[in-house]
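K.L.:
Chains as they are written, first to last, in my numbering: chain A, 307 to 701; chain B, 52 to 336; chain C, 15 to 334.
Read the hints as simulated data drawn from the structure, not as lab findings.
Keep in mind the model is a prediction, meaning the values are calculated, not measured.
In this text, a Cβ means the ideal position worked out from N, Cα and C, and glycines have one as well.
Fair warning: there could be bad hints in the mix.
[As the list claims (entries may be wrong)] Label-pair distances were calculated between CB atoms; the ranges are:
(1) ILE160(B) - GLY676(A): 26 to 34 angstroms
(2) ARG686(A) - GLY176(B): 50 to 58 angstroms
(3) LEU173(B) - LYS372(A): 36 to 44 angstroms
(4) GLU374(A) - TRP38(C): 23 to 31 angstroms
(5) LYS286(B) - VAL376(A): 53 to 61 angstroms
(6) GLY213(B) - ASP146(C): 46 to 54 angstroms
(7) ALA323(B) - GLY700(A): 58 to 66 angstroms
[Stated by the list, open to error] Stretches of chain B that chain A covers, calculated by requiring three or more beta carbons in the stretch to come under 8 angstroms of a beta carbon on chain A:
(8) 185–197
(9) 203–213
(10) 260–270
(11) 303–311
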Amino acid sequence: MKTLHLAAAAVLASALAAGGALAQAPVKIGLVLPYSAGPFVAIANEITDSMALALEETGYMVAGRKIELVREDTTHKPDVAQAKAKKLVFEDKVDMLVGPVASAELTALFDFAHQSKVPLLIPNAGDNEVTGEKCSPWVLRTSFSNDQIVRDMGTWMAGKGYKKVALLAFDYKAGHQLMGGFKKPFVAAGGTIVTEQYPPFGRLSDFGPWLGRIRDAKPDAIFSFFAGPPATLLVQQFKEFGLDREMKLTGAGWLVSPLNLPSQGQAAAGVIGVLNYVPAIDNPVNKSYQERFQAKFKRVGSEFGAQGYDTAKLIHAALAQAGGKTDDKAALVKAMHAVRIEGTRGPLRIDPRTNNVVQDIYVFETEMQGSAVGYKVLDRIRDVQDPPNGCTLGG
Amino acid sequence: MVIQLLNGMQLAMLLFLLSVGLSVVFGLMRFVNLAHGTLFMLGAFVGLSTVEATGSFWWALVAGTLASAIVGGLLYLGLLRRLQAESPLKQVLVTFGLIFIGLEAARIIWGDYAERLPGPALLAGSTALFGVVYPTYRLFVIGLGLAVAAMLYFGLERTRVGAIIRAGVDDRTMTAALGIDIGRVFFVVFVLGCALAGLAGVVAGPVLSVYAGMDMGVLVLSLVVVVIGGPGSLKGAFVGAILVGMVETFGQVWLPEVAGMLLYGLMAAVLALRPQGLLPAGPRP
Amino acid sequence: MTPPASGTRHVVAVLLAAAAGGYWLASGYYGKELLAETAITAILAMSLSLLVGQAGLVSLGHAAFFGIGAYALAGFGARLGWPPALAMAAAVATGAVAALLVGLVAVRLAGVFFIMITLAAGEMAHAWFLKDRLFGGVGGMAGVPRLDLSAIGIDTGDPASFALLALGVAILVYLLLDRLVLSPFGQTLRAIHQNEERARALGCPVGRYKLAAFVVAGAVAALAGTLAAQRSAFVSPELLTWTLSGEVLIVVIVGGGASLLGVSAAAALWIGLRHQLSTLTDHWMLAMGAIFVVLVLVAGDGIDGAVRGLWRRLAQRRGP
Chain A
307 MKTLHLAAAA
317 VLASALAAGG
327 ALAQAPVKIG
337 LVLPYSAGPF
347 VAIANEITDS
357 MALALEETGY
367 MVAGRKIELV
377 REDTTHKPDV
387 AQAKAKKLVF
397 EDKVDMLVGP
407 VASAELTALF
417 DFAHQSKVPL
427 LIPNAGDNEV
437 TGEKCSPWVL
447 RTSFSNDQIV
457 RDMGTWMAGK
467 GYKKVALLAF
477 DYKAGHQLMG
487 GFKKPFVAAG
497 GTIVTEQYPP
507 FGRLSDFGPW
517 LGRIRDAKPD
527 AIFSFFAGPP
537 ATLLVQQFKE
547 FGLDREMKLT
557 GAGWLVSPLN
567 LPSQGQAAAG
577 VIGVLNYVPA
587 IDNPVNKSYQ
597 ERFQAKFKRV
607 GSEFGAQGYD
617 TAKLIHAALA
627 QAGGKTDDKA
637 ALVKAMHAVR
647 IEGTRGPLRI
657 DPRTNNVVQD
667 IYVFETEMQG
677 SAVGYKVLDR
687 IRDVQDPPNG
697 CTLGG
Chain B
52 MVIQLLNGMQ
62 LAMLLFLLSV
72 GLSVVFGLMR
82 FVNLAHGTLF
92 MLGAFVGLST
102 VEATGSFWWA
112 LVAGTLASAI
122 VGGLLYLGLL
132 RRLQAESPLK
142 QVLVTFGLIF
152 IGLEAARIIW
162 GDYAERLPGP
172 ALLAGSTALF
182 GVVYPTYRLF
192 VIGLGLAVAA
202 MLYFGLERTR
212 VGAIIRAGVD
222 DRTMTAALGI
232 DIGRVFFVVF
242 VLGCALAGLA
252 GVVAGPVLSV
262 YAGMDMGVLV
272 LSLVVVVIGG
282 PGSLKGAFVG
292 AILVGMVETF
302 GQVWLPEVAG
312 MLLYGLMAAV
322 LALRPQGLLP
332 AGPRP
Chain C
15 MTPPASGTRH
25 VVAVLLAAAA
35 GGYWLASGYY
45 GKELLAETAI
55 TAILAMSLSL
65 LVGQAGLVSL
75 GHAAFFGIGA
85 YALAGFGARL
95 GWPPALAMAA
105 AVATGAVAAL
115 LVGLVAVRLA
125 GVFFIMITLA
135 AGEMAHAWFL
145 KDRLFGGVGG
155 MAGVPRLDLS
165 AIGIDTGDPA
175 SFALLALGVA
185 ILVYLLLDRL
195 VLSPFGQTLR
205 AIHQNEERAR
215 ALGCPVGRYK
225 LAAFVVAGAV
235 AALAGTLAAQ
245 RSAFVSPELL
255 TWTLSGEVLI
265 VVIVGGGASL
275 LGVSAAAALW
285 IGLRHQLSTL
295 TDHWMLAMGA
305 IFVVLVLVAG
315 DGIDGAVRGL
325 WRRLAQRRGP
């Protein structure tokens, strides 16, 4: 009899502790990221780890419901990404999806999210069209659009006296979007593009040939877009060829991402970048994020991690606003539109007209800080919002 | 123009170091080792760890080369030797499987982040040459490639071991009939080829980034070198490497629209017109 | 090389189809996706089996025709707006033409050189679709239409129905290729594989036979590609990577090379294993690689040979 009493008491206690939530299933967030293969494994892990950091702060609870992250690995294949998203939605019954990293996987996921009416939050990919002409009421972006990153940079550079600029990016959609987005305002502000170089995407790369051509064009600065190993190559070779004595290296900030600094070494100092995040941003949320991330992982949190952290924050705020209810997906998306959060990047919100994030954009420069390369924020462009660009969500 | 020539030459010498082992093994044993690129990556990673531990690029060069030689040797004795008698199909598939094992092992040991293998301080900075300013380290890469090519040429043409290897490439059965332990010759050549791949990995470290998967891009390029030059031929590997280096460098700048296809087109054309390669190994006149 | 098995293969075929049907009944949504992927991989593997197992032509560029079929469906079906059935037929024809062009050069080579030239052709196709602008380059293109079977009451948009469709096509391909393998054409291919010089001496136009096999294999691979594009409504250069060619080659070898049923079973094993391992660990490729190496080393005749050995032993035990 005694054991029975104990068991009954335990049930009663847990029921009291959980309040009315006893019978409620957890909120499930499906992560569709390339965990096991391809060049974006590090990014996938950084996003997931940072989302976990954000949710730990809330005890994985919202409005009396537990929050659960369900990981699925895309193996860096678009068709697998899509099949895994279907599994998450139909079998695991997740309430929303977060993913992917690569643009091909996004193309494969987009239509599925649109047709199945499950909110998809994009934590990294930047294709303009996704929150432009192709936009869907169910696909929201917490990261950036390519155009959003570079739109104000042309004016900024022309204003600082960089009048002649060479463009350098891989020959693919994102490369052309970022270069095109930079070029128009730059030319309008009185700048001249002296040469545009687009190396083929995804080859064993050596920038020597292109740097030679750029040197011949005698620009004041290079504006570039590269990420990962090619970014490291460019930063090193720019120095090796002695171009740092003739011009400034600038670009979308991934060029000198915290993920690249260890491999770039001191060659990374003196680069000007523009991005939605840089570890040196001075606000309490970012300070606490970096402290906790560095304590746990012994390295600086990157823009990918920060985007993951902010994504989880935004989801949590929207769930709180919706009273923890997830059955009505349209109401959930509305709540995501309604909330305003303070993220690592400063104030954030989702624009109901495009479903793209509205955020601050930072111009920064890398410099030697003691024996290592660090970041210094030069300028902050507030509240950068995309025009509808053909998106007809209204709002 | 001079810069592009030097760039092409630098890439060519890296490819030569990487491909020459593959080519001679191919020619001597009719053995296609797709895991050759993995040994290149292994050399780079071991070099990286050595630099982090000792701070010296030169120790990294030694350690990376040795590591690839040892692992290559163990692979040969433990696994690949058995495939000698098998069809090329099985060789391709087993070494293809090894690529994935190597890739994942590298991820487990060295992680998912790209790293940089710093070059020696001695060779930092740039040098003025032929009227252009060029990174000193890259000149070193070109010099090293030429030196290795010269040593290999001397070794093959002027020493007894070289004569045996040449004989083995020309006619394996005949050489074995002369009482020469052809198995041991294979082993020596295989290990030497792996060592050179490891050397290439360390040398490439300061030019490229070091990361799990760095082997995939170079593997196909080195196969192109072997096929174009003619399997089994030192001169072929040298000429093939220079051709591929130049086509890759100038093609990307002058014909960016088709640059991606250019090399494979060249490879297909050589195979179709001269299946034995441009400078095939074989009985000299 | 091995001549096809006798009537027992029909029993095995029915068993395999029944297993697939049972899995279809028992599985959830994701299971249906896996089943469709298995059927598509089986078609691709059977097409390569015709080359490797019958004609002895080891291609390391077979994914190119798979990808060309998928892209051609996207082109005809999505870009030009042709009805999906017509677009599929045109895509298969495109695969055949592409295989004819590559084959004209490739079949003149043998052994390692054949492997290398098919690799080069595959990489050329891959490089083309990485650069191309019509189909979205690296990012690929969505919106590939699925076959419209609403006239006979089947909604191919439903994963369960689509898995059945893919299975049905796989069975059709099996029946067709089975006939082809047993036909005089198949016999001639095996004769060439066994002794090319003798076949030539007997007046057989060896090159033309090899070319015909290459074209049929390319067309069937393209058919598999059109199904792959429909499954995810999406195409990208990932479909043409040389590592995919290598994977299919392994499936074929593990399956026993010449046995259509063996390579189909190996396709199921391959997809199932990958799924199971990848749910266990992010380093599943290490395990897959190791399993490959072991399978290729020990599996003399592959699954087909193992099953036949078992069958013989059972038969002996039952016999007097």
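K.L.:
Could you run down the list of hints and mark each one as holding or not?
P.N.:
Now the hints, each set against the structure:
1. At roughly 30 angstroms, the beta carbons of ILE160(B) and GLY676(A) sit within the given window of 26 to 34 angstroms.
2. The hinted window of 50 to 58 angstroms between ARG686(A) and GLY176(B) is violated, with their beta carbons roughly 36 angstroms apart.
3. Distance hint check: the CB atoms of LEU173(B) and LYS372(A) are about 59 angstroms apart, inconsistent with the given range 36 to 44 angstroms.
4. Take GLU374(A) and TRP38(C): their Cβ atoms lie about 30 angstroms apart, and the range 23 to 31 angstroms holds.
5. Look at LYS286(B) against VAL376(A): about 58 angstroms separates their beta carbons, and that is inside 53 to 61 angstroms.
6. Remark: the range hint 46 to 54 angstroms for GLY213(B) to ASP146(C) is upheld by a beta-carbon distance near 48 angstroms.
7. Hint check: ALA323(B) to GLY700(A), Cβ distance near 59 angstroms, so the stated range 58 to 66 angstroms holds.
8. Evaluation of the coverage hint for the region 185–197 of chain B: fulfilled, as 4 residues show C-beta separations to chain A shorter than 8 angstroms, against a requirement of three.
9. Figure legend: the region 203–213 of chain B, annotated as covered by chain A; annotation inconsistent (0 residues with Cβ-Cβ distances under 8 angstroms, at least 3 required).
10. Coverage of the region 260–270 of chain B by chain A holds [criterion: at least 3 residues with CB-CB distance below 8 angstroms; count 7].
11. Coverage of the region 303–311 of chain B by chain A holds in this model, with 5 residues showing a Cβ closer than 8 angstroms to a Cβ of that chain against a need of three.
Hint compliance for this structure: hints 2, 3 and 9 are broken, all remaining hints hold.
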